[in-house]
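Engineer: If you're matching them up, the sequences are chains A and V in order. Per my numbering, the first sequence runs over residues 1 to 282. Per my numbering, the second sequence runs over residues 283 to 476.
Hints should not be assumed to be uniformly reliable.
[Stated by the list, open to error] Okay, derived cross-link-like pairs now, EDC-like style, lysine to aspartate or glutamate, Cα gap no bigger than 16 angstroms in a straight line: (1) K69(A) to E305(V); (2) K450(V) to E241(A); (3) K450(V) to E420(V); (4) K69(A) to D330(V); (5) K450(V) to E13(A); (6) K450(V) to D12(A); (7) K69(A) to E329(V); (8) K450(V) to E47(A); (9) K450(V) to E11(A).
[Unchecked claim] Distance windows between CB atoms, simulated: (10) A28(A) to S342(V): 45 to 51 angstroms; (11) W100(A) to D330(V): 45 to 51 angstroms; (12) E32(A) to Y374(V): 28 to 34 angstroms; (13) A312(V) to R73(A): 17 to 23 angstroms; (14) C99(A) to Q349(V): 22 to 28 angstroms; (15) R407(V) to A92(A): 50 to 56 angstroms; (16) R370(V) to R45(A): 32 to 38 angstroms.
Source of the hints: derived by calculation from the structure; they are not laboratory data. Just so it is clear, the structure is predicted and the values come from calculations on it, not from any experiment. Glycine residues also receive a C-beta, built at the ideal position from the N, C-alpha and C atoms.
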Amino acid sequence: MTCDTAQLLIEDELDGTLGAEQAQALRAHLRECTACVRVREDLRRIETALSGPEDCPVADVVRNAMVDKAVSRAGAGPGGVSVRTVVVLATAASLVLVCWLGWLRTHRSGPSPGQPSVTAGPVRGSLQTPRVPPPVASAPSVSRGNHTAPPRRPPHSGRPRLAQRRYSPNRPTVVPPGPSPPPPADQLTPADVCRIYETALAFARDGRPTGGPLDLVSTARVRADSGDLPGAIEAYEAAVEASVRSPASTWVAQTPPDADSPVVQNPSPPADVLVAWLAGGG
Amino acid sequence: MSGVESVVSLRRARAHGTEALAEVLHSHYALVWRLARRVAGADSEVEDVVQDALVAVATSLGRFRGQCKLSTWIAGITVRTAVRHAERRRRYEALVAPLENDAGTTPGRLSSDDPSKVAEAKDLRAYLLACVSRLAPEQRASVCLRYLEGMALQEVAQALGVPPGTIKSRLHGARQALRGMMAPYVAESEGETP
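Just need the whole structure built from these sequences, with the hints factored in.
Structural biologist: Written as structure tokens, this is what we have:
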């Protein structure tokens, strides 16, 4: 060990950061080196002489005055907000306000001369575009005396919806929830008949009834309103049959599937089940 | 003031405002004064340093997060304030001293703490304190916190906001300088010893 290294270790010893092995090596060096022993004595002497705080010979009057001045300069006290903080916050707030006002001016003001209106055209994804509800999640409400045609799917715009058509193998197949169990057959009202049959039609056509079955549905409703329940059932069954028989492949080609709509794996069984329910309560 | 007492007084200061804040400042006044006196390096500036440090502590006490002892945090503020004053004075003296030397009216710098005079008093502590005042401000601050205030190496680093290795380096330089300055005193005292 050199003397320079030993003197660094002596300082570590004074600071209390010397390891056991280093202490042993230092002791071995000090047994042979009187110069380093002298350095160690000097440093210890310095430490001993300087250790311990000095007295503070300041009169209480002076001390009190200085503390009072510091407290008064602190203003609101230690828990208060400093002037610097207030300035920074005020600057940030004014910047946010200016940005917000600028944004408002851009998006809310009417079109200036020579500048096209931002809100003139349809906005994609805005509420102005009517959205067709999922076909089966809620059955079309039918009230007696006010027969309205089931909602038609808006015509396809022809724009490719790549994001919606992208195939995803992990995408779970969504099966629409089945209708609530109908009441017993002897307690069915004409409104129940309409609702059940139209739900069956919705299943059969994936919620997109075509023109042929719609005529039969209208006939069934008229008959149901007039109290001719057997006639209404007959018309509905014809509608279901026509709907199931129609060429599904042709229909799918005309109306591409919507990613948001439920996927019907087999449209016929729910219709058959409903008809069975209607006929025998099964 | 112990660590627990520091925390209690700090919470009181934050909760109760000026009265408890004054209590905190009073309880640490001696620490602030000692460090200001030794690190500033000039008696004439001690009062200014103490006042500035007290104001700094009072205004920034709300930002103390308890990463170290309150006394360590206050010591750090005081030392930084004192070093700033010392640097300002050093620049001023560098500007003014040549003019005063020309006029032949230069007073002895730190005359009251002149080591040669203090050595006559055979007081090693006073002699070494005078030597400390001649160190560089950063070394002076490290020596004051380490020896006079008895802080550990890690505490000194926390107070000054530098890595412990930097403090070690500063202390090494300060020890070498103090040992060199102490040599005449030791030689004289040993020469007088029969």
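Engineer: It remains to establish, for every hint, whether it holds in the given structure.
Structural biologist: Hints, one by one, checked against the model:
no. : hint                                   : result
1   : K69(A) to E305(V)                      : holds (13 angstroms)
2   : K450(V) to E241(A)                     : violated (95 angstroms)
3   : K450(V) to E420(V)                     : holds (12 angstroms)
4   : K69(A) to D330(V)                      : holds (12 angstroms)
5   : K450(V) to E13(A)                      : holds (12 angstroms)
6   : K450(V) to D12(A)                      : holds (9 angstroms)
7   : K69(A) to E329(V)                      : holds (13 angstroms)
8   : K450(V) to E47(A)                      : holds (15 angstroms)
9   : K450(V) to E11(A)                      : holds (9 angstroms)
10  : A28(A) to S342(V): 45 to 51 angstroms  : holds (50 angstroms)
11  : W100(A) to D330(V): 45 to 51 angstroms : holds (47 angstroms)
12  : E32(A) to Y374(V): 28 to 34 angstroms  : violated (51 angstroms)
13  : A312(V) to R73(A): 17 to 23 angstroms  : holds (21 angstroms)
14  : C99(A) to Q349(V): 22 to 28 angstroms  : violated (36 angstroms)
15  : R407(V) to A92(A): 50 to 56 angstroms  : holds (53 angstroms)
16  : R370(V) to R45(A): 32 to 38 angstroms  : holds (34 angstroms)
Checked against the numbered hints given earlier, the structure breaks hints 2, 12 and 14 and satisfies all the rest.
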